[in-house]
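S.K.: One-letter residues, chain by chain:
Number of protein chains: 6
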Amino acid sequence: MPGPVFLDGDRLTLRPIEEADLEFLQTQINDSRIWGPLGRSKPLNREQEREFFENRICGDDSVDLLIVADSTPVGTIGLFEFDWESQKAELGYWVAPEHHDQGYGTEATERVVRYAFDQLGLHRIAARVFEFNEPSKQLLETIGFSREGVHRDAEFVDGEYRDVYWYGLLEEEWRARSE
Amino acid sequence: MPGPVFLDGDRLTLRPIEEADLEFLQTQINDSRIWGPLGRSKPLNREQEREFFENRICGDDSVDLLIVADSTPVGTIGLFEFDWESQKAELGYWVAPEHHDQGYGTEATERVVRYAFDQLGLHRIAARVFEFNEPSKQLLETIGFSREGVHRDAEFVDGEYRDVYWYGLLEEEWRARSE
Amino acid sequence: MPGPVFLDGDRLTLRPIEEADLEFLQTQINDSRIWGPLGRSKPLNREQEREFFENRICGDDSVDLLIVADSTPVGTIGLFEFDWESQKAELGYWVAPEHHDQGYGTEATERVVRYAFDQLGLHRIAARVFEFNEPSKQLLETIGFSREGVHRDAEFVDGEYRDVYWYGLLEEEWRARSE
Amino acid sequence: MPGPVFLDGDRLTLRPIEEADLEFLQTQINDSRIWGPLGRSKPLNREQEREFFENRICGDDSVDLLIVADSTPVGTIGLFEFDWESQKAELGYWVAPEHHDQGYGTEATERVVRYAFDQLGLHRIAARVFEFNEPSKQLLETIGFSREGVHRDAEFVDGEYRDVYWYGLLEEEWRARSE
Amino acid sequence: MPGPVFLDGDRLTLRPIEEADLEFLQTQINDSRIWGPLGRSKPLNREQEREFFENRICGDDSVDLLIVADSTPVGTIGLFEFDWESQKAELGYWVAPEHHDQGYGTEATERVVRYAFDQLGLHRIAARVFEFNEPSKQLLETIGFSREGVHRDAEFVDGEYRDVYWYGLLEEEWRARSE
Amino acid sequence: MPGPVFLDGDRLTLRPIEEADLEFLQTQINDSRIWGPLGRSKPLNREQEREFFENRICGDDSVDLLIVADSTPVGTIGLFEFDWESQKAELGYWVAPEHHDQGYGTEATERVVRYAFDQLGLHRIAARVFEFNEPSKQLLETIGFSREGVHRDAEFVDGEYRDVYWYGLLEEEWRARSE
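Protein chains in written order, with UniProt numbering: chain A, 1 to 179; chain B, 1 to 179; chain C, 1 to 179; chain D, 1 to 179; chain E, 1 to 179; chain F, 1 to 179.
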């Protein structure tokens with residue numbers, strides 16, 4: 001059952017994440033194709049997922065939205081690590097493997113970036129991506145993020161230390177692009 | 001009812017342990033063919049099993065997975081006693097007697113060992129086995145664990161003090177084997 | 001619904017006591033033919049029985065089992081007052097009057113005595129019986145307990161002070177008998 | 001500083017145990033000549049002794065008195081394990097080694113036995129003594145206690161299992177002796 | 001009063017931070033020459049400082065040490081944001097303005113970096129510095145840290161958005177340097 | 001200030017650990033010559049030491065004693081990880097560096113081993129030592145412990161993974177030696 005729409009896109013709607021979405025979330029977060037690139041590494045049972053839902057999703061420190069295409073949940077996107085004095089936050093997302101290559105991630109990110117600058121008044125948005133995550137790197141670069149750094153050996157994934165690329169996007173850059 | 005898969009094997013899937021699995025867990029843990037070799041010795045009613053579920057399974061200090069073959073739960077496997085500064089943990093498992101001799105324990109252990117070294121970045125995994133538990137000793141040796149010690153008279157089982165064998169496996173040994 | 005078996009006997013099974021057993025327990029514990037010989041003397045309503053269940057049965061300080069014959073609960077048996085430094089405990093049981101004279105008490109006690117010495121590694125088991133409780137005295141003597149003392153006037157039952165007989169059984173005696 | 005006298009004897013006074021007595025209690029209870037025959041076996045630091053003081057001495061379930069001779073604390077004596085429905089309790093005491101052989105234990109016990117029958121209306125008093133504790137056995141027999149049982153191998157002390165003798169004294173016996 | 005030494009250096013000692021150090025900590029943390037470069041911007045009264053002390057210093061998630069020269073506290077240094085699965089942490093420090101230019105920061109950082117790699121078994125240490133903080137940039141580069149990124153406009157200080165430089169040091173680099 | 005003696009030796013006394021000993025304990029536990037061989041690696045301020053005191057020393061799950069020579073505290077010794085069903089525990093100790101080479105560790109360990117077998121009725125005592133800790137290995141072998149295993153790469157100390165040797169001593173072995 002679709003919940004209330006918070007942000008509208010062309011093909012997607014972004015809505016608040018509800019308890020009824022826990023099954024979808026828990027299934028995806030235990031899928032190695034999702035937890036690997038997120039830097040997570042442990043299983044989550046329903047109680048643990050619910051605890052995450054209550055602490056993070058129902059908390060006040062982050063903005064979390066479900067990405068919906070044709071009434072079907074396809075992923076989540078959010079802003080977190082808010083630093084209001086410096087007007088910055090970090091952005092993160094994931095799309096379920098079966099819905100990849102549809103441009104959903106790009107469309108959702110564009111919509112949330114616009115919301116972050118226009119509604120939350122942020123000055124800067126940052127994002128982290130694994131060196132091996134080509135699709136995410138392209139998504140961020142398409143939207144206008146610049147690579148600001150390479151944190152070497154920052155996470156251990158699939159038997160090796162991996163570099164993490166940091167990307168940043170400033171309000172004035174984004175507004176210039178949007179014109 | 002199948003839950004979300006966390007790790008995939010050839011014949012098995014390993015998934016988070018859910019509240020709905022409590023009946024299976026409680027039945028098995030009260031079976032003397034399982035509690036004997038585990039070094040446990042007391043009955044657990046449903047409330048006590050639930051308390052174990054909430055403290056241990058839903059907690060953050062261990063990784064616990066249900067071993068599933070053809071949608072049927074056949075046992076559990078887990079990593080616990082994590083010492084992150086030394087990057088080590090202990091591994092334990094049990095398979096229900098009616099599913100013995102199928103190689104499920106070996107397949108599940110191989111999958112979790114790979115996960116422990118590749119995803120959790122562990123350097124060392126230890127395991128304890130009773131001297132009389134031939135199948136478990138062979139399982140560990142097959143996977144490449146070395147017997148590191150014999151703790152004499154360490155547990156009282158079936159009227160006698162029994163020796164407990166300690167096994168260890170280091171990351172570099174395992175990687176050498178896997179090539 | 002039968003619960004998981006913890007210990008098996010010829011005719012009986014001994015299993016953990018569950019919340020679903022509370023009705024049976026409460027009915028029996030209010031029956032004067034049971035509370036008299038147990039030295040209890042007060043009524044227990046359902047809440048009080050539940051409180052006993054949560055504190056004693058679901059606790060860690062005792063081992064309590066339901067005695068089941070042909071899927072029918074017939075009584076309970078347990079070990080309590082554990083003194084681990086001296087490896088001793090006290091044993092107690094009751095069988096519902098309608099199931100007396102079937103030898104259920106004896107079979108359950110033999111099974112638990114074996115469990116206490118073989119699995120819990122106890123050195124000594126004690127038991128208390130009222131002077132007038134001939135069946136219980138014979139049960140304990142049949143199993144090999146020795147009368148160690150007569151505590152005179154130790155309990156007030158049916159208008160008089162009664163003597164309580166103390167029985168004890170040591171591991172080495174029991175093993176000698178079992179050969 | 002002497003506290004308020006509760007019971008008077010010829011040479012002794014028995015008074016409530018105060019916080020100021022904790023140093024004396026803690027010193028004695030860690031002395032192996034006292035904890036051995038009491039069946040205790042672990043050290044108690046000041047915090048643990050205070051916890052005992054608050055739970056046991058300051059609680060309502062026991063009567064505990066300091067034995068004082070010439071303003072000097074020499075030991076403690078108490079009644080505990082009250083069973084009011086059967087009007088019985090257990091008696092215990094210890095005297096510091098440097099004050100042995102003065103008859104303090106006997107005098108204190110006579111005074112408390114009289115108090116138990118005359119003021120508390122008890123019908124029966126029990127006491128436990130180790131088989132090797134000749135002085136205590138003689139003390140109890142002098143006062144009129146009868147040996148009611150020998151619990152074999154009931155405590156582990158100094159490398160062996162020891163028997164514990166149970167003694168009992170009934171009100172009518174004691175009154176007959178006192179005439 | 002000097003507290004117990006935890007790590008020794010040539011001129012400095014590093015010791016645990018005690019309640020008695022709160023006055024020194026609070027004085028420094030309210031000094032704009034310290035809170036500016038730390039990216040902090042709010043006053044802390046004694047209670048707030050104490051709360052920080054109890055949550056952060058007395059907690060288990062960080063390692064915090066007082067830098068002491070000739071029995072005089074001159075600053076603090078610590079490791080935090082531990083990610084044990086990836087064996088990494090962030091390092092931070094400050095030296096009171098009156099003790100600048102003595103090389104205390106460099107000596108303390110070298111000592112803690114050695115401790116982090118040798119005793120905590122870390123693989124990577126990260127540190128953040130403001131673009132305008134030349135002394136800190138030189139300190140980190142002297143020790144062998146590499147600049148890994150420039151997070152543009154990441155903090156608002158003195159009327160402008162400032163860039164934050166991220167530095168990283170890997171275990172193998174540091175060991176190579178130390179030879 | 002001397003506290004109550006719990007166990008006596010020739011040159012040493014072993015007494016309960018009191019709050020007044022916290023300064024000595026905290027100084028020693030932050031000394032790298034002590035925390036290294038103990039496998040600890042983090043600083044402890046007074047509050048953290050006090051928390052350890054309240055949870056561990058004042059708790060019921062371990063026996064902890066201060067080693068005193070000529071009224072001077074020289075170290076601590078204790079038994080922990082009790083498994084009463086199997087009657088076993090682990091033993092650990094440390095002696096302050098300035099009091100090394102006096103045989104204090106050996107004398108204290110002999111006294112506690114005797115106490116463990118004679119008073120606590122243990123069947124087995126285990127101990128862990130780092131491969132590089134020659135004095136401790138000799139101490140344990142002198143008392144009669146046997147090396148039961150080598151846990152390879154079990155702890156990270158001073159830049160390398162180290163092996164941990166496990167030693168065990170059984171009651172019957174010790175009694176045979178003592179004759």
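Worth flagging that the hints you see were computed from the coordinates, not collected in a lab.
Just to be clear, a hint being listed does not mean it is correct.
[As the list claims (entries may be wrong)] Here are the simulated DSS-like cross-link-like pairs (lysine-lysine), alpha carbons at most 30 angstroms apart as the crow flies:
no.	chain 1	residue 1	chain 2	residue 2
1	F	K42	B	K137
2	D	K42	D	K137
3	A	K42	F	K137
4	F	K137	E	K137
5	B	K42	B	K137
S.K.: Hints broken by the structure, by number, lowest first?
M.R.: Of the numbered hints, 1, 3 and 4 do not hold.
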